[in-house]
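K.L.:
Just so you know, full-length UniProt numbering puts 29 at position 29 of the sequence shown, and the rest follows in order with no gaps.
Note that these hints are calculated values from the structure, not bench results. Just so you know, these numbers come straight off a predicted model, no measurement behind them. Ideal Cβ placement from N, Cα and C applies to all residues, glycine included. Hints are supplied without guarantee of correctness; some may be wrong.
Calculated pairs, DSSO-like style, for lysine-lysine (alpha carbon to alpha carbon, straight line, at most 30 angstroms) [what the hints assert, rightly or not]:
hint: 1; residue 1: Lys-3; residue 2: Lys-18
hint: 2; residue 1: Lys-12; residue 2: Lys-76
hint: 3; residue 1: Lys-56; residue 2: Lys-3
Derived Cβ-Cβ restraints for the label pairs, each shown as a range [as the list claims (entries may be wrong)]:
hint: 4; residue 1: Gln-17; residue 2: Thr-101; range: 19 to 29 angstroms
hint: 5; residue 1: Lys-18; residue 2: Gly-90; range: 23 to 33 angstroms
hint: 6; residue 1: Gly-14; residue 2: Glu-123; range: 31 to 41 angstroms
hint: 7; residue 1: Lys-12; residue 2: Cys-92; range: 22 to 32 angstroms
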Amino acid sequence: MIKQNIVFIENKAGSLQKVTELLAEAGIDIYGFACFDAPEFALFRMITNQADEAEKLLSENGYMNRVTEVIAVDLKDEVGGLNTVLQVLGNCNVNLDYIYTSYHRENSLPIMILQTDDVFVTENVLSNNGFRVLNSLED
1 MIKQNIVFIE
11 NKAGSLQKVT
21 ELLAEAGIDI
31 YGFACFDAPE
41 FALFRMITNQ
51 ADEAEKLLSE
61 NGYMNRVTEV
71 IAVDLKDEVG
81 GLNTVLQVLG
91 NCNVNLDYIY
101 TSYHRENSLP
111 IMILQTDDVF
121 VTENVLSNNG
131 FRVLNSLED
């Protein structure tokens with residue numbers, strides 16, 4: 001599994017940029033991200049090269065945040081690549097909480113980041129069905 005940072009950000013102009021600026025100044029690289037808004041706060045989910053350090057830095061700067069574990073799995077870069085993964089998960093009765101994408105930096109191939117209620121079962125389902133589950137996005 002991979003560590004993911006989740007940050008609660010005030011939903012106003014410039015708030016997200018303040019978070020990314022803090023991380024950039026600390027040399028923390030963001031590999032993948034998704035941002036979802038709500039009326040007052042946005043939820044910024046991201047995979048970084050230093051999840052624990054990012055959590056500490058953000059906390060020290062007043063941001064409510066936490067680290068969770070997610071699954072990262074290679075996607076085939078072809079029509080139906082996402083559907084193939086979702087079909088296997090659906091057939092095995094795996095319910096997805098959310099998904100977003102990233103990519104391999106050396107070859108630009110897609111990676112699916114996902115969260116379920118049982119990440120261990122989901123990892124096994126994916127591995128047993130021939131999908132490559134990643135331990136890091138730095139590979």
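K.L.:
If a hint holds in the structure, say so; if it doesn't, say that too.
P.N.:
Status of the hints after comparison with the structure:
Straight-line distance between C-alpha atoms of Lys-3 and Lys-18 comes to about 22 angstroms, which keeps the hinted pair within the 30 angstroms bound. Simply put, Lys-12 and Lys-76 have alpha-carbon atoms about 37 angstroms apart, too far for the 30 angstroms limit, and the pair is violated. Restraint check: the Cα-Cα separation between Lys-56 and Lys-3 comes to about 14 angstroms, which is no more than 30 angstroms; the hinted pair holds. With their beta carbons about 22 angstroms apart, Gln-17 and Thr-101 fall inside the hinted range of 19 to 29 angstroms.
Hint check: Lys-18 to Gly-90, Cβ distance near 39 angstroms, so the stated range 23 to 33 angstroms is violated. The beta-carbon spacing between Gly-14 and Glu-123, approximately 38 angstroms, falls within the hinted interval of 31 to 41 angstroms. A beta carbon spacing of about 41 angstroms between Lys-12 and Cys-92 contradicts the range 22 to 32 angstroms that was offered as a hint.
In summary, the numbered hints that this structure violates are 2, 5 and 7.
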